[in-house]
Amino acid sequence: MTPMVKAEQVCKSFGALQVLKGITLEVGTGQVLVMVGPSGSGKSTFLRCINHLEQVNAGRLYVDGDLIGYRDRGTKLHEMSPRDAAKQRRDIGMVFQHFNLFPHRTALENIIEAPLHVKRVKKDDAVARGKDLLDQVGLAEKANAYPAQLSGGQQQRVAIARALAMNPKLMLFDEPTSALDPELVGEVLAVMKKLALEGMTMVVVTHEMGFAREVANELVFMDGGVVVESGPPREVLANPQHERTKAFLSKVL
Amino acid sequence: MTDVDTPPSTNPAAIDAVPLRHPWRWVAAVVIVALVVLFIYGAATNDAYRWPVFAEFLFNDRILTGVSITLQLTIYAMVLAIVLGVGLAVMRLSPNPVFKSVAWAYLWIFRGTPIYVQLAFWGLIPTIYKNISLGIPFGPTFYVIHLTDPNYFVLAMLGLALNEAAYMAEIIRAGISSVPEGQSEASMALGMSWGMTMRRTVLPQAMRVIIPPTGNEVISMLKTTSLVTAVPYSYDLYSIAMREIAAREFEPVALALVAVAWYLVLTSILMVGQFYLERYYSRGASRKLTTKQLEALAKAQMGEPHP
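Chains A and B, in that order, give the protein sequences. When we follow the working numbering, the leftmost residue of the first sequence carries the number 1, and every step to the right adds one. When we follow the working numbering, the leftmost residue of the second sequence carries the number 1, and every step to the right adds one.
What the hints contain is simulated information worked out from the structure, not anything from laboratory work. Worth double-checking, as some hints may not be accurate.
As the list claims (entries may be wrong) - Okay, derived cross-link-like pairs now, BS3-like style, lysine-lysine, Cα gap no bigger than 27 Å in a straight line:
(1) A:K131 x B:K299
(2) A:K119 x A:K194
(3) B:K292 x A:K123
As the list claims (entries may be wrong) - For the chain A half of the interface with chain B, some residues (derived, Cβ under 7 Å), not all of them:
(4) N57
(5) P82
(6) M94
(7) H98
(8) A148
In this text, a Cβ means the ideal position worked out from N, Cα and C, and glycines have one as well.
Kindly produce the complete structure, drawing on both the sequences and the hints.
Take a look at the structure:
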């Protein structure tokens, strides 16, 4: 079976600064991968490479068997047109640290925006599905509220529903709870846990070790643009092998 | 000793304090009102204002034609300026150095020279170019525009629009730049194309920043139409009131007042339009609940079913 995400020696540089120095990993369908590491270690950059918000410089990155960002024509790789890149992103949901909801649209309008205009779903169907998703994240009564009228936790739950509305085969979470007040973190993690239990394939960058221990199938510790250590979260968290992992975990646990 | 266990049975009475007095505010207000009344009385009784002439010409056919031409010049020039401005703004934000420098050069020329001189130049175009041929260079010609008998309305409109486009480009560029990058990232992550991201996410949010200065530009354009006399074009409100009728009737004061009255009427209408546009594009900008949302909440509080 093809893994949902397959990274082979993925490298990414911004000018002279090399942020990713050869990341190799796999995420199986239905699996949850949690990435942890100090800030600047390249976790978010790797996540953004998966849906081509950043272009990979070297190595190969596949989602569900499709090469991301390039067309492989025998001897040479060809840069993908923006149109084809957009097509690839449709099946990959992304949740951002700062939610990035559309402030000029209500919660429901945020959710139905892409199904309506990108997938051209019928309006009635999109609205029905949107309301269903709002219900799933516990915000059925907030359909007509604008993002500015919602708390951070509520906004992030709407953002998750917005990503799910495209029926993605993979969900990417970029520090989804880092911008939230401590008492709001739980409600977002609960939605993510439910999603994982329903069998969604997820790659999550987070500092929530409890979530990693409870939900993740695999934990990856990154530092300086490389994977330092990976394995089942309970083992890595309880018994880290590497000095750098130990040093990091002693600070966050 | 107070009894903390018994809650107060009623709410405390509302405070009924003696309001603070502001005598000097009153004095200043009385002085200003007196001055205004004096001025109005003076103007009404001063024969030099020629009020009967003002009344006679306010709804004069020629004046109304001038009003209509001025409005047409304003609207056509503004629409063309906004379309060109969007193009120039996108060019300036483009990573392509050719687009960037062409847009920069356009702005440099059209912002760097007075509009009056530009309009005079548009009037000189027929002496520079006798005709304009559209076709393939050194190949067949499809269409020829003869400039021996030019349409000065079109030249005036083009002159106003091309100048205005430079200013609109900067306003639109500021608006686009004001939308956080996360907004276009979120749109792209949902699979939207660049065009759709612009149309559905970026521009509607940029509008909040673009509309107030654009309202200013429309009002400014309305008044700048009085400069088309440089082209020379002479059917706008100012030219008809001051250069045609006032010169013929020897009544400059009364006809200047006619022109002033009409310019004020037109700007007032434009201001009302701007108010409604601003309100429309401020959706979601504030945490304050809309009237509709407040009603729904009040109903929910009263225990009525949610609509």
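Verification of the supplied hints:
no. : hint            : in the structure
1   : A:K131 x B:K299 : 21 Å, holds
2   : A:K119 x A:K194 : 26 Å, holds
3   : B:K292 x A:K123 : 23 Å, holds
4   : N57             : 18 Å, violated
5   : P82             : 6 Å, holds
6   : M94             : 4 Å, holds
7   : H98             : 6 Å, holds
8   : A148            : 5 Å, holds
Hint check: a violation occurs at hint 4 only; the rest are consistent with the structure.
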